[in-house]
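Trainee: Residue numbers (my numbering), protein chains in the order written: chain A, 1 to 272; chain B, 1 to 272.
Hints are supplied without guarantee of correctness; some may be wrong.
[Claimed, not checked] Covered stretches of chain B, going by a simulated chain A footprint (3 or more residues, C-beta under 8 Å): (1) 57 to 71; (2) 95 to 107; (3) 248 to 261.
[Unchecked claim] So, partial list: chain A residues that the calculated Cβ filter (under 10 Å) puts toward chain B: (4) N93; (5) P115; (6) Y217; (7) F246.
[Claimed, not checked] Now the in silico label distances, taken between C-beta atoms and shown as ranges: (8) A/A163 x B/A167: 32 to 40 Å; (9) A/A227 x B/A167: 22 to 30 Å; (10) B/P17 x A/G58: 32 to 40 Å.
Because the hints were derived from the structure by calculation, they are not lab data. From the three backbone atoms N, C-alpha and C, an ideal C-beta is built for every residue, glycine too.
Spelled out from the first residue to the last, the chains are:
Protein chains: 2
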Amino acid sequence: MMSTVPHPLDAALALQPLGGDRFAGRTLPEWGNMVGPYGGITAAQLLQAARLHPQCLGEALALTVNFAGAVGDGAFEIEARVMRTTRTTQHWNLVQRQGDVVCSSGSAVFALRRPTWTSPELVMPSVPPAAQVPPARGEPPVQWPRRYEFRFVEGAWPDFRHAREEADSRTLMWVRDEPPRPLDAPALAAIADVFYPRVFRRRGRFTPSGTITLTTYFHADAAALAAQGDRPVLAAARGRRFTLGFFDQSAEIWSDDGLLLASSHQVVYFKD
Amino acid sequence: MMSTVPHPLDAALALQPLGGDRFAGRTLPEWGNMVGPYGGITAAQLLQAARLHPQCLGEALALTVNFAGAVGDGAFEIEARVMRTTRTTQHWNLVQRQGDVVCSSGSAVFALRRPTWTSPELVMPSVPPAAQVPPARGEPPVQWPRRYEFRFVEGAWPDFRHAREEADSRTLMWVRDEPPRPLDAPALAAIADVFYPRVFRRRGRFTPSGTITLTTYFHADAAALAAQGDRPVLAAARGRRFTLGFFDQSAEIWSDDGLLLASSHQVVYFKD
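Work out the full structure: start from the sequences and follow the hints.
Mentor: Following this line, the structure appears as structure tokens:
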């Protein structure tokens, strides 16, 4: 008999509807971070709960996830509630719980897209094509980076044995799911968190840190994401200010033909 | 007898606790936009509800507001609910309603800040001091811009009689409350939305548009905001991509001595 093993991202997205606004999920060791799962997979799961909801209309436009505490190994529940549906947008409230404890909470906006005047403004950085950039090698100390293929153009993981302080925190890389998987909104929501904390690069040493809040804006419709297929996307990130235990970082995710697919912003906690 | 008229921002922030998580507010004509109030004042009011809540701990770190529909003239209610409090952060769910209708919803994260390694990364644009830039003159067609003094360095309001398409949507300006008022987190939350829609500048013509979602990150503690006093802050904004009825814009707000006080991001709906 043949058995089909689902892609690790699809396994994570296989939430079980419990009726009403409730969906059941489980953490998967494949997505493990230092404590609890990778924030990007939690973001993708919250978005997925709205997508699976029978009332869902339109496509993902914006997603905000506030990470309150690590998700413990095992079962969790997501509540996805429509706050209001208008002619163009649908507004969601999202809460992830284990028992009575809120692990994460946030919101999503879905929208009906329609043809309008269109124009880029930000231009994709000029980089060699993915095929000309070697994939990063190494044995990451946690599981989730093994779910991605990274091809760093600039700002690879610092080697803390030799690293020094850097004046800027920029990372520029080609990245795709590993194994390859066609791009869709949950996959993009997960990729938006794929950057190691910018403080690692600035300080040149390991600094305990964790994302507190993550907001991702989706600039592409389902057809444009499908057109990207499973080819690497270009991902760029940098921080703005590091102070008093927190910093922000912003990211852009580009299709390989130069369209901005998503922009994403986060605030990260760090400890001296 | 002397009568003291509160500052228009303080009048808007004077929410009445109704017990529990509920706070009552009213729209004020001074903050009127084309339809309903200015989004920035709604954002400030949602943040204020959390600040007024007896359980509130720490200072504003992040605020996300999703605008579902215009707030009608008159009374509204804000529900501000603590989702979880950790050692460092407090997570809030925020909903603004008129009757049973959700006008806006979102979330906030408050945090305890403490001294750590600190470093800027983004550098304040080089501009003449506010005193050397003349305030914008004019009779805005809506009320809320009269609550601010604008000194445009670049990207002033387009004059649609003569405007043409522009390749970039950047605005750079000194801005402060009018009349002057000491800066605090709600004032900064309001200022974060102070930019006219970037599509006006790109297209050189009036384009019906409205903010769908707004996220602001606060990089300064209360002491740093107080130190800014009522002097103008430098505000910069630009868009990334305009397509299928939506665009995003990101902004930075700087103190006049070059510290990044806030970064802010939004997605805006527009109509051809």
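Trainee: Taking the hints in turn, state whether each one holds.
Mentor: Evaluation of the provided hints:
{"no.": "1", "hint": "57 to 71", "verdict": "holds (count 6)"}
{"no.": "2", "hint": "95 to 107", "verdict": "holds (count 6)"}
{"no.": "3", "hint": "248 to 261", "verdict": "holds (count 5)"}
{"no.": "4", "hint": "N93", "verdict": "holds (6 Å)"}
{"no.": "5", "hint": "P115", "verdict": "holds (7 Å)"}
{"no.": "6", "hint": "Y217", "verdict": "holds (5 Å)"}
{"no.": "7", "hint": "F246", "verdict": "holds (6 Å)"}
{"no.": "8", "hint": "A/A163 x B/A167: 32 to 40 Å", "verdict": "holds (39 Å)"}
{"no.": "9", "hint": "A/A227 x B/A167: 22 to 30 Å", "verdict": "holds (26 Å)"}
{"no.": "10", "hint": "B/P17 x A/G58: 32 to 40 Å", "verdict": "holds (36 Å)"}
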